[in-house]
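Novice: Sequence:
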Amino acid sequence: GNPKDTTDALGVICEPSPEYGGWDGGIDQTPETKTWPIRWPNGVCVQLPGSDSPNLDGKLGIPLISQEHIDSDIAFYGKDSLQYTMMDQGMMPRGQGSRRVITRQKCLKFLAMEEIVWVNDKITKIGFLDAAYRGVGGDRCIFGQLNMGTGIDKDGKQRPMLALVDTMLVPVSVKVDEMPEDQIAHFVIQKCLERGIAQEKVYFDSTGRGSLMSAFARNEFPHVQTVEFGGNPTDRPVGVDMAGKSTVLCKDYYYNFVSELWYSVGLVIESGQFRGLTEDVMGELILREWGYVGKPVKIQVEPKSDMKKKSGRSPDLADGLAVGVEGARRLGFVVQKLAKFPKNEQNDAWKETLRKRADSLHYGGQLNYSV
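Going by the numbering used here, 108 is the number at position 108 of the sequence shown; the sequence numbering is gapless.
For the record, the hints were derived by calculation from the structure and aren't laboratory data.
Some hints could be false.
Unchecked claim - Subject to a maximum C-alpha distance of 27 Å in a straight line, what follows is the list of computed DSSO-like cross-link-like pairs (lysine-lysine):
hint, residue 1, residue 2
1, K125, K109
2, K309, K106
3, K34, K4
4, K125, K106
Modelling step: build the complete structure from the supplied sequences, incorporating the hints.
Specialist: Structural data, given as structure tokens:
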């Protein structure tokens with residue numbers, strides 16, 4: 001196949017092993033035939049650049065790429081084009097994942113899929129729920145658990161950490177008389193009782209689901225916490241650096257609250273504070289893209305409707321995890337990641353004003369005559 005994206009089937013199966021640093025590790029893709037171990041056991045990727053083809057002179061008599069084909073693509077598309085990189089060099093295009101909120105490479109680089117090592121047993125258990133009724137719009141109803149505590153990072157230091165325990169599908173049947181809301185509430189309550197998760201530490205997406213809160217209350221579980229995906233970002237800092245200094249506020253950085261929620265997950269991962277991420281959850285996280293909108297410029301994640309058109313399904317596992325991370329932040333979890341704020345368009349006339357003022361001060365003290 002011809003590689004075009006690190007997140008599609010070919011990009012995933014050909015990804016260099018963790019020892020090579022994945023696609024971000026700078027794997028040698030010079031235009032000559034080579035191999036490298038992939039992340040799957042005993043797997044090997046073979047790179048076959050067109051420029052190393054045994055049919056460059058076009059005389060093999062088989063439909064294999066030739067120098068004529070390569071020259072034709074260069075003349076039409078250019079050497080820096082996606083077409084030439086993919087089809088003639090057989091290389092993974094660089095920067096194709098630059099608009100992803102979260103990438104597979106970052107998850108691997110920052111050990112998000114590794115097991116957690118806790119410092120002690122002072123663990124806060126957090127339940128999260130991405131609710132859906134009767135599979136409307138193809139959405140699934142997902143429940144999961146996230147643990148929060150002090151763990152050991154890759155450098156052996158103690159830091160606040162989050163660890164995904166698991167996610168599961170909440171069964172909602174249309175063949176019983178019980179309302180979907182009550183079915184969901186009963187399932188979640190039972191799981192929380194089994195796992196020792198306090199009801200005030202259970203968070204769910206309440207967007208358009210006010211009846212679910214009533215169902216929890218009817219079943220003597222009234223202290224669950226709601227997370228409204230719609231609306232405006234908060235006035236919390238996006239994160240803090242390792243010295244504890246706050247960064248820009250979320251309301252000045254993100255366009256809407258769902259963008260803040262998803263980026264919070266990404267920042268926790270990039271800060272090296274997340275463990276236990278599973279392949280299926282990561283598979284949904286890495287699909288979402290982002291862009292700049294508005295003036296002043298702010299970040300907005302790709303609308304869910306666009307994601308569903310692109311992938312054919314709803315990112316319910318990832319949404320559930322975003323709810324859980326939001327719950328952790330409300331419980332005091334601090335993201336130790338310094339985020340970069342996008343540059344706003346601005347008038348640079350002030351620079352010229354300051355330059356003239358500096359010149360005036362500089363030359364004003366000079367001796368420019370004598371007697």
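Novice: Determine for every hint whether it applies to the structure shown.
Specialist: Hints versus structure:
1. K125 - K109: With Cα atoms ~26 Å apart, K125 and K109 stay inside 27 Å; holds.
2. K309 - K106: holds, 25 Å
3. K34 - K4: Judged against 27 Å, a Cα distance of about 18 Å means the pair holds.
4. K125 - K106: Holds. K125 to K106 sits at ~25 Å (cutoff 27 Å).
The structure shown violates none of the earlier numbered hints.
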